[in-house]
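Participant: Based on the hints, put chain X with the ligand in the right spot on chain G.
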Amino acid sequence: MLKKRGKLCFFVYNKVKRKELKLMKDISRLLASVRRPARYLGREINSVCRDPQQAEVHLALAYPDLYEVGMSHLGLKILYELVNNLPGIYAERVFAPAADLEQLLREQEIPLFSLESRTALHRFDLVGFTLQYELNYTAILFMLDCGRIPLHSSERGDHDPFVLGGGPLAYNPEPLAPFFDLLVIGDGEEALPEILKIYREWKKKGRRGRQKFLREAALLPGIYVPSLYRDYYDGDGKFAGIEALVPEASLPVRKRVVTDLEHTFYPECFVVPYMEIVHDRAVLELFRGCSQGCRFCQAGYVYRPVRERSAEKLREQAGRIINNSGLAELSLSSLSSSDYPAIGELIDTLEDDFADRHVALSLPSLRADTFAVRLAGRLYKGRAAGVTIAPEAGTQRLRNVINKKVTEDDVLEAAAVALREWQSHVKLYFMIGLPTETMEDLEGMVELVRKISVAGRSGGGRKKGPSRINVSVSTFVPKAHTPFQWEPQLETAEILRRQDYLRRELRKVRGVAFSWHDTSMSLLEAMLARGDRRLAPVVKRAYDLGGRLDSWNDLFSFSRWEEALNAAGLSARDYVGQSPAYTEPLPWDHIDTGIAKEFLIREHQRALQGGITPDCRGGKCAGCGLENCPQRQLTIDVGADLCVRPPVDS
Amino acid sequence: MYRYRVIFIKEGDFTCLSHLDLQRTFIRALRRAGVPLAFSQGFNPQPRLSFAAPLAVGIESDGEYLEFDLTLPRESDQLKSALNRQLPPELAIRRVQEVDPDAPFLTSLVQAALYIAVFPNPVAELASAVQSLKESAVLEVERKGNNAKKRVDIRPFIYSLHLQNASGESKLFMFLATGNQGGARPGEVLKLLPLQDGLIRVRRLAIFVQGPKDYITPEGETLSAYLDRMCINT
Ligand code: SF4
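Chains G and X supply the protein sequences, listed in that same order.
Residue 1 is where the first sequence starts when you use the working numbering, and the numbers rise one by one after that.
Residue 1 is where the second sequence starts when you use the working numbering, and the numbers rise one by one after that.
With the rest of the complex left out, here is chain G:
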């Protein structure tokens, strides 16, 4: 569908009711007294401005973080344009206010508003949140509260909006269960329009009986309505399972998969912000899913199978996106972009297409090998960004455990190319606390960094100057639906000890800057990523105690969470410190990603034995049990053969 270039949003003020006009003026006044007012300005190029009164269904797409973060998220761009192309439906954006605006909103009793028509959040029909990061959970409650929507679904009446959620964290929705009316598991491109259709009928019939709508929506595949399920616990208070309360509630809930990505909607009229946002660039989605099979990576499992767009399609989309947005950078995005089959040719074509317009191409996520780094180097051309390499672990043994199929030689060569040939900065990503990690692995990490530093210097590179190797070390978070869901997170004291060791040792390596993650943030991430419904009151309490944008280091406070956990008689350690038996029920068992649990068990076993599972793209199916995977060759033999198959070496 071809569209005109850059549509501008001119709101028709005279069609708006008086009361709303006042809200608009109030907000204009507020803009004069907050920091970075462009966050709340709206009316960007390609934003969709209509009269909300004319819409049959009015949807708010909410992102529980500041504008500059939410506007960088691809999923939101997809749904915004997709939904606004549906007849009768109007979708607007809402982001979390920063502290200064929050204070003004509360003082002046102004509700949180949408960017386009400045409508109060509680006046929408539905509010859909993107669930991207565990530490955004308090921000969800914050936005609901500022938007005057009751926090619990059980407290909402017929005239309150329905609160929807979707995104990667919907794969373990339990800590959020009481706050959401409905969650979409998996791809939203088909599911959301189906929900809106049912909603429209319900509204036409007089919008009476929330349960009626919810039970009907629950019949759609991939839809989880938490209130139609009950969690239960055994005598010791251990999680024992989840049961459906009504026949409409399916168990398990199978994720939605858009199988034909080539013909699935993709936005071409990106909203162009006035202010600088985190990822200030246009985005192409080369493929969805990832075939690498890194065992710690939730995205690698839940987004299966790999679905690609053709190079011709991508080229067409690129041209239109750049024309419509005027953006000067185009990111070739996916979970591992150098795996795209004809990536070199695609880059050549796009560089040709944009030669006279100076559009910079970028590759956000790459394998840690020379092929990938050479690709990045072609695009680098003196831009400040630098090259990111993620070996994740310091020794080959540990890289085998996590199934990161990259060798030390790969990493060294890649880093040397970047540092020497392009004088680029190199960012190295590692994780500590991975299953089976020992001191040897940490020594290996330091040694690897040292070798990179040496390799980067020899052969005429810059001798002195600021550090050009940034080592960023995060803490392993055992995620639901991965082979490591049966692994514990390392204890905080031990993480701190290992961070100390690295800080001490890496200081001795020339040209290296070291950064690490806050241990208490990692602990909460793990707790919420594995939590059950009993954590919902903890999230609520953390919000009541002042938790807002907890994903921001400077706004985060662990003590609020500690107090909330104490009040509920729970401990974070109980959620993250266990290694449950394979037979134990897990709080996310009712969410079905399509991957057989037996496969995850086998991968876990293989990990502990240091066995590699090959990249399953191109005919090396590992038998994960996914039914709708076009590359599938093996069916998993349930129950048999577990744990005994010898590890396969690549």
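The hints are simulated quantities; they were obtained by calculation from the structure and are not laboratory data.
Errors might be hidden in some of the hints.
A few chain X residues that don't get close to chain G, going by computed Cβ distances all over 12 angstroms [said to hold, decoys possible]:
(1) Arg74
(2) Leu193
(3) Gln196
(4) Asp214
Listed next, with one range per pair, are the computed distances between beta-carbon atoms [claimed, not checked]:
(5) X:Leu72 - G:Arg148: 49 to 57 angstroms
(6) X:Ser81 - G:Glu194: 37 to 45 angstroms
(7) G:Asp518 - X:Pro54: 32 to 40 angstroms
(8) X:Gln196 - G:Gln103: 18 to 26 angstroms
(9) X:Val57 - G:His263: 41 to 49 angstroms
(10) G:Lys313 - X:Leu72: 25 to 33 angstroms
(11) G:Glu627 - X:Leu72: 50 to 58 angstroms
(12) X:Asp77 - G:Asp280: 26 to 34 angstroms
(13) X:Pro54 - G:Glu201: 51 to 59 angstroms
(14) G:Glu316 - X:Val57: 37 to 45 angstroms
(15) X:Asn180 - G:His263: 53 to 61 angstroms
(16) G:Glu316 - X:Ser81: 26 to 34 angstroms
(17) G:Lys313 - X:Pro54: 38 to 46 angstroms
(18) G:Glu316 - X:Gln78: 23 to 31 angstroms
It should be emphasised that the depicted structure is a prediction, and the values quoted were computed from it without experimental measurement.
A virtual CB, placed ideally from N, CA and C, is assigned to each residue, including glycine.
Facilitator: Below, chain X with the ligand alone, put in the same frame as chain G:
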């Protein structure tokens, strides 16, 4: 190379855009309009464009100036309508003019600017406060430098102040130095006046370069002719 000078307004909610926001907005508008932009040389080519006398956040303007270079000539009126389609009405372009590409950018020539501040509920002491500003020899204000705060005397940069009262509101005209040789910001002057109730609206009416005798606008109108035309009697 062909150079165009664009004169646009800035008002309403869009006064909240910073200079960098504005730069981003216009570059993207030019790119969307599909004009053949000329780029700088080097590793990281940027469009060749320049804004004259960046305006502080929160201030409206009747005349902001942007100059940019194209590799092919374009009709001024077409440029104007093509760009206006890519901009909100609060940043509307009033005029586009082709100018000499070899002349320096306007921003290096700007010497002064005329502002108006409207006080909705002026306090009684306003007139005497303005008078005492005019009579003082030194007016120190605090400015944030790169690292530290420093005190600057802005008195030499205040060329003239003129207060007008009409139907309950007061209008303060401020003719201030601006540009490379130093200047005063309207906010700095207003801070030296007694506190007011309500929002004071500040608008930049015009910028001026040095003419043969008098200051002149970039279009060549002298300051006194401008004041006459706008019925500002000083
Ligand atoms: S079914 Fe086979 S090819 Fe498809 S994702 Fe699973 S392991 Fe890979």
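Participant: Hints first: check each against the structure and report whether it holds.
Facilitator: To see whether the hints hold, each was checked on the structure:
The claim that Arg74 (chain X) is not at the interface with chain G holds, since no C-beta of that chain comes within 12 angstroms of its own (minimum 16 angstroms). Leu193 (chain X), annotated as away from the interface, keeps every beta carbon of chain G farther than 12 angstroms; the closest lies near 18 angstroms. Under the 12 angstroms C-beta cut-off, the non-interface status given to Gln196 (chain X) relative to chain G holds; the minimum distance is some 14 angstroms. Consistency note on Asp214 (chain X): stated as away from chain G, and its beta-carbon is indeed over 12 angstroms from all of that chain's, at 35 angstroms minimum.
Distance hint check for Leu72 (chain X) and Arg148 (chain G): the Cβ-Cβ separation is about 54 angstroms, which falls inside the suggested range of 49 to 57 angstroms. In this structure, Ser81 (chain X) and Glu194 (chain G) meet the distance hint of 37 to 45 angstroms, their C-beta atoms being roughly 43 angstroms apart. Between Asp518 (chain G) and Pro54 (chain X) the beta carbons are some 38 angstroms apart, a value that agrees with the proposed interval 32 to 40 angstroms. For the hinted restraint 18 to 26 angstroms between Gln196 (chain X) and Gln103 (chain G), the CB-CB distance of approximately 23 angstroms keeps it satisfied.
Against the hinted window of 41 to 49 angstroms, the Cβ-Cβ separation of Val57 (chain X) and His263 (chain G) comes to about 45 angstroms, which satisfies the hint. The hinted window of 25 to 33 angstroms between Lys313 (chain G) and Leu72 (chain X) holds, with their beta carbons roughly 32 angstroms apart. A C-beta distance of roughly 57 angstroms is found between Glu627 (chain G) and Leu72 (chain X), which places it inside the suggested range of 50 to 58 angstroms. Our hint of 26 to 34 angstroms for Asp77 (chain X) and Asp280 (chain G) holds, since their Cβ atoms are close to 32 angstroms apart.
Checked against the hint of 51 to 59 angstroms, the C-beta distance between Pro54 (chain X) and Glu201 (chain G) comes to roughly 54 angstroms, which is consistent with it. Roughly 40 angstroms separates the CB atoms of Glu316 (chain G) and Val57 (chain X), a value that falls within the hinted 37 to 45 angstroms. A hinted range of 53 to 61 angstroms for the beta carbons of Asn180 (chain X) and His263 (chain G) is consistent with their spacing of about 57 angstroms. Separation of Glu316 (chain G) from Ser81 (chain X) is about 28 angstroms and conforms to the stated range, judged on CB atoms against 26 to 34 angstroms.
Look at Lys313 (chain G) against Pro54 (chain X): about 42 angstroms separates their beta carbons, and that is inside 38 to 46 angstroms. At roughly 28 angstroms, the beta carbons of Glu316 (chain G) and Gln78 (chain X) sit within the given window of 23 to 31 angstroms.
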